[in-house]
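Please work from the sequences and hints to get the whole structure.
Letter by letter, the chains look like this.
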Amino acid sequence: MATAAARTFALSAPLPLDNGQSLDGVIVAYETYGELAPGKDNAVLVCHALTGDQYVASTQPLTGKPGWWERMIGPDKPIDTNRFHVICANVIGGCMGSTGPASPAPDGKPYAMRFPVITIRDMVRAEVALLDGLGIERLHAVVGGSMGGMQALSLAANFPARAERVLAIATTARHSAQNIAFHEVGRQAVMADPDWQGGDYYGSGHSPDKGLSVARMAAHITYLSETGLTEKFGRNLQDRDAKSFGFDADFQVESYLRYQGSGFTRRFDANSYLYITRAMDYFDIAEEHGGKLADAFAGTPARFCLVSFDSDWLYPTAESRHVVHALNAAGAPVSFVELSAPFGHDSFLLDVPALDRVVKGFLA
Amino acid sequence: MSGLRPDLAVIAANVRPGTRVLDIGCGDGELMEVLQNERECDARGMEIDPVLVERAVARGLSVVQGDADRDLADYPDKTFDYAILSQTLQTAARPDRMLDELLRVGRKAFVSFPNFAHWRMRAQLAFTGRMPVTRHLPVSWFETQNIHHVTVTDFRDLVAARGVKVEREWFFSGAQPVGPALANLRAEYAVFELSR
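Those sequence lines, one after another, are chains W and G.
Numbered per full-length UniProt numbering, the first sequence spans residues 1 to 364.
Numbered per full-length UniProt numbering, the second sequence spans residues 1 to 196.
FYI, nobody ran anything at the bench for these hints, they're computed from the structure.
Even for Gly, the Cβ is constructed at its ideal location relative to N, Cα and C.
Please note: incorrect hints may appear among the correct ones.
Computed beta-carbon distance windows for the label pairs [to be verified]:
no.: 1; chain 1: G; residue 1: Gly-163; chain 2: W; residue 2: Gly-20; range: 30 to 40 Å
no.: 2; chain 1: G; residue 1: Phe-142; chain 2: W; residue 2: His-322; range: 19 to 29 Å
no.: 3; chain 1: W; residue 1: Glu-231; chain 2: G; residue 2: Arg-70; range: 47 to 57 Å
no.: 4; chain 1: W; residue 1: His-220; chain 2: G; residue 2: Met-131; range: 45 to 55 Å
no.: 5; chain 1: G; residue 1: Asp-42; chain 2: W; residue 2: Gly-290; range: 26 to 36 Å
What follows is the structure, given as structure tokens:
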């Protein structure tokens, strides 16, 4: 893998937020891969999803696992680091080095629930401040899937001069009632855990792992497809020949979800989960632009590509088409394809060779 | 523009350079690529088959996966200088409405289609009593995507009835141009340039 250094950037000015406040002393943690060209014109900003981080193509330090998009980013890969300088930043509100609820507030104690409620646009503002700091005026492309795709679209709508190409995968221009509903289940699971302690669990020796684990389990189901789950697990039993007539994880799918849930608590902060899901729920680009999505992209100089997956029921194809329609109405050059894949929403992270070809072709 | 199918070559040669073009049923973008690279057009495409869309996007073209019968409605009036419909009219649910949509989103339109009144077709139907299968319509009746077979004369009638003007027309037998005389009998396929 290309060299990756743990890097942080301290914003020199307070970050203005959509809630009207501003946040002082913001730190953005980021990773880069591949060389920045002398003209600084080969940068590709990759935006991560809800529980992702800046370790897009290098080993995640807490889990020791490969980066979440190693298959996409690297030498001779679809986002070719021989050619592109790839930047991936941890979003603000996150927990991998960027300022978030676990960071110290001016009084030295963690913000916890005193952290301001942020939006996707606030995350993008921090990313743009990072680009300013790096001296990158114009990105070759901004790329993201799921919440990363929301950031890509938000950057295009709010900072239209900053990216030549916008690639938004398995995403939406607004969170639907169903999306918000699922997130609310997760947040309530976290806040119902007695160890959450009103969010002030830092340093207490207890954190709301059970609640966060349930939140992750519920969310994880939304990332998969029924076909995928059936193919992978069916009704197979886990390590036993017969049902236990109890509440152990009899089924493989139960065991799998419990594993996903508990693994997640080791690498993610529960309050970050609350704040980031809230940011996604508030997301509505049309609302930010007078109610008409096409107006958000009026006069945009960027080329767009949207990709959806036929088995994704969290951000279904209709959501991408809605964006495509608005981009057409705004006269923007836009490509769109619904790819066939069995993995549900998670398809953007998994082995879908057609996605690789689309990404490579669009960035070329 | 060599290598293009003759109807596409005619269209490519007659689209004014630098214009905005929508290629409906653009396949893997072979015509679009020529329009974009050799005619400096702003070429956009629509294609229903995701595999073909993926190939077109991989070529760096702007193609939206969609069903022309439904999704042309998404485009505002006169978005394009030309709307192109090559060998697709006969697959439309309502070719008459498709024609209206073409001249709504485009100022002008190019339409090409296989001529079902070509003498070989007539002969097959007359002498064998079976639906013709030819080099330009090679698929049996039960598996063809073509649901509205059309002839040059039918198309002229439709165009006249919709108040559409024929700007220019081209006829081919194989790759060979055929004159307009007896085109309905001699042409295997036709290309029309239309306007309102």
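Give me the numbers of the hints this structure contradicts, sorted from smallest to largest.
Per hint list: 1, 2, 3 violated.
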